[in-house]
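Protein sequences, first through last, are from chains H and P.
Counting in numbering that gives the first Met the number 0, the first sequence runs from 0 upward without gaps.
Counting in numbering that gives the first Met the number 0, the second sequence runs from 0 upward without gaps.
A few of these clues could be false.
Simulated crosslink set (DSS-like; lysine-lysine; CA at most 30 Å straight-line) [as the list claims (entries may be wrong)]:
1) Lys22/P <-> Lys92/H
2) Lys64/H <-> Lys128/H
3) Lys40/H <-> Lys22/P
4) Lys25/H <-> Lys75/P
5) Lys1/P <-> Lys128/H
6) Lys64/H <-> Lys115/H
7) Lys22/P <-> Lys95/P
8) Lys128/H <-> Lys40/H
9) Lys95/P <-> Lys40/H
Please keep in mind that the hints were generated in silico from the structure rather than gathered at the bench.
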Amino acid sequence: MSRANRFLLPLGGFALLVLLLVVGLKQAPDKGIIVSPLVGKPAPALVLPTLMDPAVTLDAAQLYKGQWYLLNVWGTWCVECRYEHPALLELQKTAGIPILGMDWRDDEATAQQWLKELGNPYDQVVSDKEGRVALAWGVYGAPETYLINPEGIIATKRVGSMTPAIWEKQFLPLMAQRK
Amino acid sequence: MKLRSALAVLLIGFAAGAMAVDKFEPLPDATQQKRYLGLTHELRCVQCQNESIADSPVEVAADLRREVRESIQAGKTDDEIRDGLVSRYGEFILFKPRWSARNALLWLAPGLMLLVGLFVGFNIVRRRAQLLTGDDSVVEEEERT
Chain H
0 MSRANRFLLP
10 LGGFALLVLL
20 LVVGLKQAPD
30 KGIIVSPLVG
40 KPAPALVLPT
50 LMDPAVTLDA
60 AQLYKGQWYL
70 LNVWGTWCVE
80 CRYEHPALLE
90 LQKTAGIPIL
100 GMDWRDDEAT
110 AQQWLKELGN
120 PYDQVVSDKE
130 GRVALAWGVY
140 GAPETYLINP
150 EGIIATKRVG
160 SMTPAIWEKQ
170 FLPLMAQRK
Chain P
0 MKLRSALAVL
10 LIGFAAGAMA
20 VDKFEPLPDA
30 TQQKRYLGLT
40 HELRCVQCQN
50 ESIADSPVEV
60 AADLRREVRE
70 SIQAGKTDDE
80 IRDGLVSRYG
90 EFILFKPRWS
100 ARNALLWLAP
110 GLMLLVGLFV
120 GFNIVRRRAQ
130 LLTGDDSVVE
140 EEERT
């Protein structure tokens, strides 16, 4: 082994390792955000009692058949949801598609009170008290917002607060492509 | 003595923190309970991300444990349960990455590094041994280059 090799080999190995780690870091998604494998797949069933009247059951696939809609997962225990709320009220006016609210693991009375106080941005609100539907949708924190296309496929998903900027950048283009 | 009792109190305090977060009754079937414990310890809590769902106190983890329980009782196999969760939360939910082309490097890297290390170590030892036996050819070779 020549003298030059003795330095070049480990150095080359080290450079390769650095390259590998840099590529890995660059490719890593936003820290802590799980990219949902459900995007591009048919939306799971969503059949739940409504928040306002537990005796009434609502089936999202049937109700919004053939149209775009948003599914917003929230809860009164969720601080971020309070922060997000004004953006949802704004979307209700500007988005032009219905927002289905899913109250997740919550107390119905408190949730009703919340909507009365802060305003109701939702077309319909259902209550997922046991969190079973949320699990089927791959929800892992609130707020989360899904965009579902007229064929019932999940077009995209936002983990965290909806904002006008996110709506315009991540959601709107997907709907525009289809027109 | 004082120190010892203080230590004892401290240890008991720690033990309280280590109490199980899993509030479910054990499954009646011992093999099923064993599978349940195995699965819940190898599934990542999606919210806290550095804990298994067996150790995490958050509600999503409890929901996931309930799902695992019910799936076991419904007669699903461990793989079916894993696949079901991966289809909704991605491979991220598995603490142990699966064998795939993308993960091959991940699995093989430790072995490769060990081989490289052994090779380098072996070479160094061999060279030293040659020096000790008075064979100067190595030194001479290095001086020449």
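Query raised in the report: Looking back at the numbered hints, which does the structure fail to meet, lowest number first?
Result: Structure breaks hints 1, 3, 4, 5.
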